[in-house]
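*Asks:* Just need the whole structure built from these sequences, with the hints factored in.
Number of protein chains: 2
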Amino acid sequence: MLSEDDLHYLRRACALARHGLGDVSPNPPVGAVLVRGGEIVGEGWHRGAGLAHAEVEALAAAGGQARGATAYVSLEPCNHQGRTGPCTRELAERGVARVVFGVRDPNARAAGGAEYLRSAGIEATDAQMREARRLIEAFAVAAATDRPYVALKMATAVNGAIAARGGMRRWLTGEEARALVRSLRIEHDAVMVGAGTVRVDDPQLTVRPAHARRVPYRRIVVCEREPIPLDRRVLRRESNVETVILAPRGRAETFRALEPLARVVYADDERGRLDLGAALRALKAMGIRSVLCEGGPTLAAGLLARGLVDRLHWLIAPVVIAGAGAASSVGGDEELDFGGWHFDEVRALGADAYLSGRLQTEDGCSRD
Amino acid sequence: MLSEDDLHYLRRACALARHGLGDVSPNPPVGAVLVRGGEIVGEGWHRGAGLAHAEVEALAAAGGQARGATAYVSLEPCNHQGRTGPCTRELAERGVARVVFGVRDPNARAAGGAEYLRSAGIEATDAQMREARRLIEAFAVAAATDRPYVALKMATAVNGAIAARGGMRRWLTGEEARALVRSLRIEHDAVMVGAGTVRVDDPQLTVRPAHARRVPYRRIVVCEREPIPLDRRVLRRESNVETVILAPRGRAETFRALEPLARVVYADDERGRLDLGAALRALKAMGIRSVLCEGGPTLAAGLLARGLVDRLHWLIAPVVIAGAGAASSVGGDEELDFGGWHFDEVRALGADAYLSGRLQTEDGCSRD
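Chains A and B are the protein sequences, given in the same order. Residue numbering for the first sequence is 2 to 369, as defined by the numbering used here. Residue numbering for the second sequence is 2 to 369, as defined by the numbering used here.
Simulated from the structure, these hints should not be mistaken for lab results. Take these hints with a grain of salt, some might be off.
To be verified - Across the chosen pairs, the derived CB separations fall in these ranges:
1. A:Gly83 / B:Gly340: 47 to 57 Å
2. A:Gly340 / B:Gly39: 16 to 26 Å
3. A:Arg257 / B:Glu227: 16 to 26 Å
4. A:Gly83 / B:Ala325: 43 to 53 Å
5. B:Glu5 / A:Arg348: 18 to 28 Å
6. B:Arg348 / A:Ala325: 29 to 39 Å
To be verified - Residues of chain B placed beyond 12 Å of chain A at every Cβ, according to the derived structure:
7. Arg19
8. Gly38
9. Asp127
10. Glu138
11. Ala144
12. Ala164
13. Val182
14. Glu188
15. Val201
16. Asp203
17. Pro217
18. Arg234
19. Arg238
20. Val320
21. Asp338
22. Asp353
Claimed, not checked - Looking from chain B toward chain A, a few residues come up when the C-beta cut is under 8 Å (computed):
23. Leu305
24. Trp315
25. Val321
26. Val331
27. Phe339
28. Ala352
Please read all numbers here as calculations on a predicted model, not as lab measurements. For each residue, glycine too, the CB sits at the ideal point set by N, CA and C.
*Replies:* As structure tokens, then:
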């Protein structure tokens, strides 16, 4: 049984883990708290691949006070020798008496931590905490499939329309919603848009404010047919940012001019057309494990229709838009009637509403 | 200054007021609680036009214990002689020491209650409570304009689309959302839909479960051009329910056949076309002070474009719909880009999301 205190420290571990978002890929973010006699004696979080794990950081901070302490870790301590040693052994050797972790490690190679700890006489409890599971959602999807985790962010009017006046879509949502989108970009390995969005909106798609990422940021543009114009802002050089163009090989000639400005990756089906599944697999092969897709309507519909979206981030502005100036947020060509979504977050965000959800999954997570 | 106790009893008064919803039109719902020495000594609510006001009910329940008590009333006590006497005088005569009310009376004829009470030596405080203001929202709009209060309820996919497969729109939202819609119907004097919705969905539009309303319920169908078929369920006789057809006089001949089955009201502009403003004015003249519009897309767009919607009730199902089977929730012909909305409720409702808001207004209401 977990006490209120246990849940409090686990939440603290999750909050620490969040500091690593944007830096730790391909690893998951992890935070750890060591508590002895009702006091925190050490804290830590994983700062990047090849660097110390969260538990090791917390143990270092605790020094001799680790003996007899309870370790709260957002993720089950790893049980394998990777670039760093297994955390389970570290915890045991330093005399930690009890380990409470937020969610089991979905990575088969690293799993088995709880069993090792128990065999070493340490009480190990899986808290099955929703917040902890949410933290490794992208990691878990990327570990289980041959493509990156894909989150789709949309910002629409109440009736789902987006404005497309004068060739330039205007911001519908307020500052809080835009701040959320900035955080989402930081949390993902890459941002992705369709070529239409680059043509119409000419977004820069950088991570602002400047985030000293350990992992370079990727801007991805999906070009179904035509390349984007060479003067687009997404093609401007930015330090620590790479631009990737996904294109159909059947039209490779027309994409040659983009090659000095961006990394052009061809991904197509047997008929030479762009294939979204192949495109995502190519991204995973490049080390991209999570993608935030920010539209537009055609790309959103294509991903949704193929079941390639793992989570929706839907921002709704208190606006109704209809008529000639309106466009649909999800392209109308794809036949789509998909009810497998499950909202796990519905709340006001400034003047806007924020709905987030993922494909309905069976899971054992219940605590919040 | 109001204490936590004051707010607690005011919320209780608001909860009592809610019992009157659906019965009290054209009056506002009002609830009252009398408290002496930290104990509730009387409660009451207004049950219908011509019946006792909430304060009088509460005073009757309190008997001699009203003397020295504090009266919590969801609405400023009335100060005029209508079908019942002024509540302010009753409160003073029975020795009430203090009155706290949730919101001022927007009806000029009944207002001035606070001033009367103060002149009689009774402390009177306007709590400016959002919940109390929300209770009389429809009443206040109907009192201030020449048309009924109009609330627009929509149920859509996340991307704003509605399904229209095989000529029959299917329910997108779940049981909790449908229960909310039933409550909304009960709270309004009438439900309204466009002719297209009657043709496609053939809804019954009754108030279920059977609600013994003091005020007859009206089902309103807006026919821009053609009458609805005579076999529609909305034309079936229901006890205590009246069906009203709004039609353009220019096409009166084609509506003759409906006259034995429904009340046909002609409302048109100078060119003989249906005019939504004139239609709403006609409804107000019939004693309808609040209308719940449940679509469809054309009627919704028409009302929104003319600024005739006071509140949105937007239900969003965890579904994405696009392609040939999808329709827009707000008709695409009306040019509409209206950002004057303010969400005051955003929450999960079962598996769905519920967004509610009204046109942004300047008001002094701050407390909840």
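*Asks:* For every hint, state whether the structure bears it out.
*Replies:* Verification of the hints:
1. A:Gly83 / B:Gly340: 47 to 57 Å: Check passed, 52 Å falls within 47 to 57 Å.
2. A:Gly340 / B:Gly39: 16 to 26 Å: Distance hint for Gly340 (chain A), Gly39 (chain B) is violated at roughly 52 Å.
3. A:Arg257 / B:Glu227: 16 to 26 Å: About 58 Å separates the Cβ atoms of Arg257 (chain A) and Glu227 (chain B), which means 16 to 26 Å is violated.
4. A:Gly83 / B:Ala325: 43 to 53 Å: About 50 Å separates the Cβ atoms of Gly83 (chain A) and Ala325 (chain B), which means 43 to 53 Å holds.
5. B:Glu5 / A:Arg348: 18 to 28 Å: holds (26 Å)
6. B:Arg348 / A:Ala325: 29 to 39 Å: holds (34 Å)
7. Arg19: holds (23 Å)
8. Gly38: holds (37 Å)
9. Asp127: Holds, since 27 Å exceeds 12 Å.
10. Glu138: holds (17 Å)
11. Ala144: Holds: least Cβ distance 25 Å, greater than 12 Å.
12. Ala164: violated (6 Å)
13. Val182: With a cut-off of 12 Å, Val182 (chain B) remains clear of chain A, as the shortest Cβ separation is near 17 Å.
14. Glu188: The claim holds: Glu188 (chain B) sits with its nearest Cβ about 21 Å from chain A, beyond 12 Å.
15. Val201: Non-interface label stands for Val201 (chain B): nearest chain A Cβ at 17 Å, farther than 12 Å.
16. Asp203: holds (22 Å)
17. Pro217: holds (32 Å)
18. Arg234: holds (26 Å)
19. Arg238: The assertion about Arg238 (chain B) holds, with a minimum of 35 Å to chain A.
20. Val320: For Val320 (chain B), whose nearest Cβ neighbour in chain A is about 4 Å away, the distance does not exceed 12 Å, so it is violated.
21. Asp338: Given that some Cβ of chain A is not farther than 12 Å from that of Asp338 (chain B), nearest at about 5 Å, it is violated.
22. Asp353: violated (8 Å)
23. Leu305: Holds: closest Cβ of chain A sits about 5 Å from Leu305 (chain B), inside 8 Å.
24. Trp315: Holds - the Cβ of Trp315 (chain B) comes within 8 Å of chain A, reaching about 5 Å at its closest.
25. Val321: With Cβ-Cβ at 5 Å, under 8 Å, it holds.
26. Val331: holds (4 Å)
27. Phe339: holds (5 Å)
28. Ala352: Holds - the Cβ of Ala352 (chain B) comes within 8 Å of chain A, reaching about 7 Å at its closest.
In summary, the numbered hints that this structure violates are 2, 3, 12, 20, 21, 22.
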